[in-house]
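One-letter residues, chain by chain:
Protein chains: 4
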Amino acid sequence: MPSSALTIPFAKHLGIEILPAGVGTAHLRATVLDVHTNSFGTAHGGYLNALADTALEIASNSYDVPAVALTTSMQYHKATSIGEALEITARETHRGRSTATYHIEIVSGSNLIATFTGTVFRKQPRAQKA
Amino acid sequence: MPSSALTIPFAKHLGIEILPAGVGTAHLRATVLDVHTNSFGTAHGGYLNALADTALEIASNSYDVPAVALTTSMQYHKATSIGEALEITARETHRGRSTATYHIEIVSGSNLIATFTGTVFRKQPRAQKA
Amino acid sequence: MPSSALTIPFAKHLGIEILPAGVGTAHLRATVLDVHTNSFGTAHGGYLNALADTALEIASNSYDVPAVALTTSMQYHKATSIGEALEITARETHRGRSTATYHIEIVSGSNLIATFTGTVFRKQPRAQKA
Amino acid sequence: MPSSALTIPFAKHLGIEILPAGVGTAHLRATVLDVHTNSFGTAHGGYLNALADTALEIASNSYDVPAVALTTSMQYHKATSIGEALEITARETHRGRSTATYHIEIVSGSNLIATFTGTVFRKQPRAQKA
Chain A
0 MPSSALTIPF
10 AKHLGIEILP
20 AGVGTAHLRA
30 TVLDVHTNSF
40 GTAHGGYLNA
50 LADTALEIAS
60 NSYDVPAVAL
70 TTSMQYHKAT
80 SIGEALEITA
90 RETHRGRSTA
100 TYHIEIVSGS
110 NLIATFTGTV
120 FRKQPRAQKA
Chain B
0 MPSSALTIPF
10 AKHLGIEILP
20 AGVGTAHLRA
30 TVLDVHTNSF
40 GTAHGGYLNA
50 LADTALEIAS
60 NSYDVPAVAL
70 TTSMQYHKAT
80 SIGEALEITA
90 RETHRGRSTA
100 TYHIEIVSGS
110 NLIATFTGTV
120 FRKQPRAQKA
Chain C
0 MPSSALTIPF
10 AKHLGIEILP
20 AGVGTAHLRA
30 TVLDVHTNSF
40 GTAHGGYLNA
50 LADTALEIAS
60 NSYDVPAVAL
70 TTSMQYHKAT
80 SIGEALEITA
90 RETHRGRSTA
100 TYHIEIVSGS
110 NLIATFTGTV
120 FRKQPRAQKA
Chain D
0 MPSSALTIPF
10 AKHLGIEILP
20 AGVGTAHLRA
30 TVLDVHTNSF
40 GTAHGGYLNA
50 LADTALEIAS
60 NSYDVPAVAL
70 TTSMQYHKAT
80 SIGEALEITA
90 RETHRGRSTA
100 TYHIEIVSGS
110 NLIATFTGTV
120 FRKQPRAQKA
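Protein chains in written order, with numbering that gives the first Met the number 0: chain A, 0 to 129; chain B, 0 to 129; chain C, 0 to 129; chain D, 0 to 129.
Among the clues, some could well be false.
Because identical chains share one entry, a pair is satisfied inside a single copy or across any pair of copies.
Capping the alpha-carbon separation at 27 Å, the derived lysine-lysine pairs in BS3-like fashion look like this [to be verified]:
#1 K11 x K122
#2 K77 x K11
#3 K122 x K77
Everything labelled a hint here was simulated from the structure, so no lab data went into it.
Just so we're clear, the structure is a prediction, and the values are computed from it rather than from any experiment.
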């Protein structure tokens, strides 16, 4: 399914802009607002994860097979302030019949904010009885 | 700092209810709304991560030392529908001088929805020059 | 398959003792030898991971369905010295048709050395054509 | 410290060959032997993790600051057979004062076998009293 055809209410709620991207990839943009912050006034870890997880959702669902996240891991490198414009990109590391893995980066200008790896389950139709 | 004293704008934005909990722990409640869903109409992975990450933030900041997430990992076990009431609990697995680790569970009734592990950096004041 | 019936060459190579354990669980013992150490003279992270991964292999293969690791995450809490006797236990966090998750702990006496979470793919036989 | 100067008994025990590599990186080679296998006769997950963790140890200790693993995560993409020659490379994703993150790949020819992310704690000397 082309990335532009996916409707993701949570992504819309967070103001995430979904850009055109090739099959198996994703490209997003988002701006940190005050409602996205933690108790230190910087972007909340869960907000940054939601950006990465949305990229995972789009990249892994760009084929004809529905895909859902099994496991994700995230590394936080640098705090992000209100007003910063973030760019999120996903690349496919591996894709098999039943599972696939994607690596995602969140950058703010030339700063690497966070890295994320997600593995999805691909819901292949079960072979039908004759 | 007592959990009730933390102001977390993103947690408020997501409607997370922060319950009283002991030092080194956290106890939250949240209800899945339509704005929290993914393209399949169930709770978005990033929303569930934000619940867990908020529990991490509260549990790890319940001492006198500011703590920020370094790495997190999450396992998704069961999809969650709009209207479901989720309960999130954090326990401290290990706490050292400079880092600490917390394990978090998200349940819906008797169903385990997701598990999460987070490791934080504890910003100890540097020894001052005499 | 009962845990005692599994032959795991790498576990034998590392001197891991596999104790009887219930379905969906595992219980191992191992002693840190000098060949198991890193450049600091303490147990190598890869050695500790091999202990946990062996527990994952045994617990997840205790049913009639072959299971292979998809993703694992590990948290290191405390260094371990040569001669220390380690105990490793696995519990099943979730088991579905195609995937399952296990949480594993490595302890040395009353010290928690490391925690580990592993998610496996369960190779169900594909439905056969009539 | 140059990678060639590190003595890692567990790496030697597993037959890992440490090649010259730049600061912040690592480059290893290893061949899967029968003692490195799991119950399916392919390379054990813990063995593959030990290869990646050794690359993490070398890359993160290539500066003047001792570094120890805090958390690691690993994704398994393809099974590996006895006799296969594996190549392991590490790159530095981020390095701060107290922590750093490395991404590691294990390949066999043109096949991506596994990916690994490790975050280390850098043991900076504490400021001394005057």
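Now for the hints, and whether the structure bears them out:
no.	hint	verdict
1	K11 x K122	within (25 Å within a copy, 34 Å between copies)
2	K77 x K11	both (25 Å within a copy, 23 Å between copies)
3	K122 x K77	between (35 Å within a copy, 14 Å between copies)
The structure meets every hint from the earlier list without exception.
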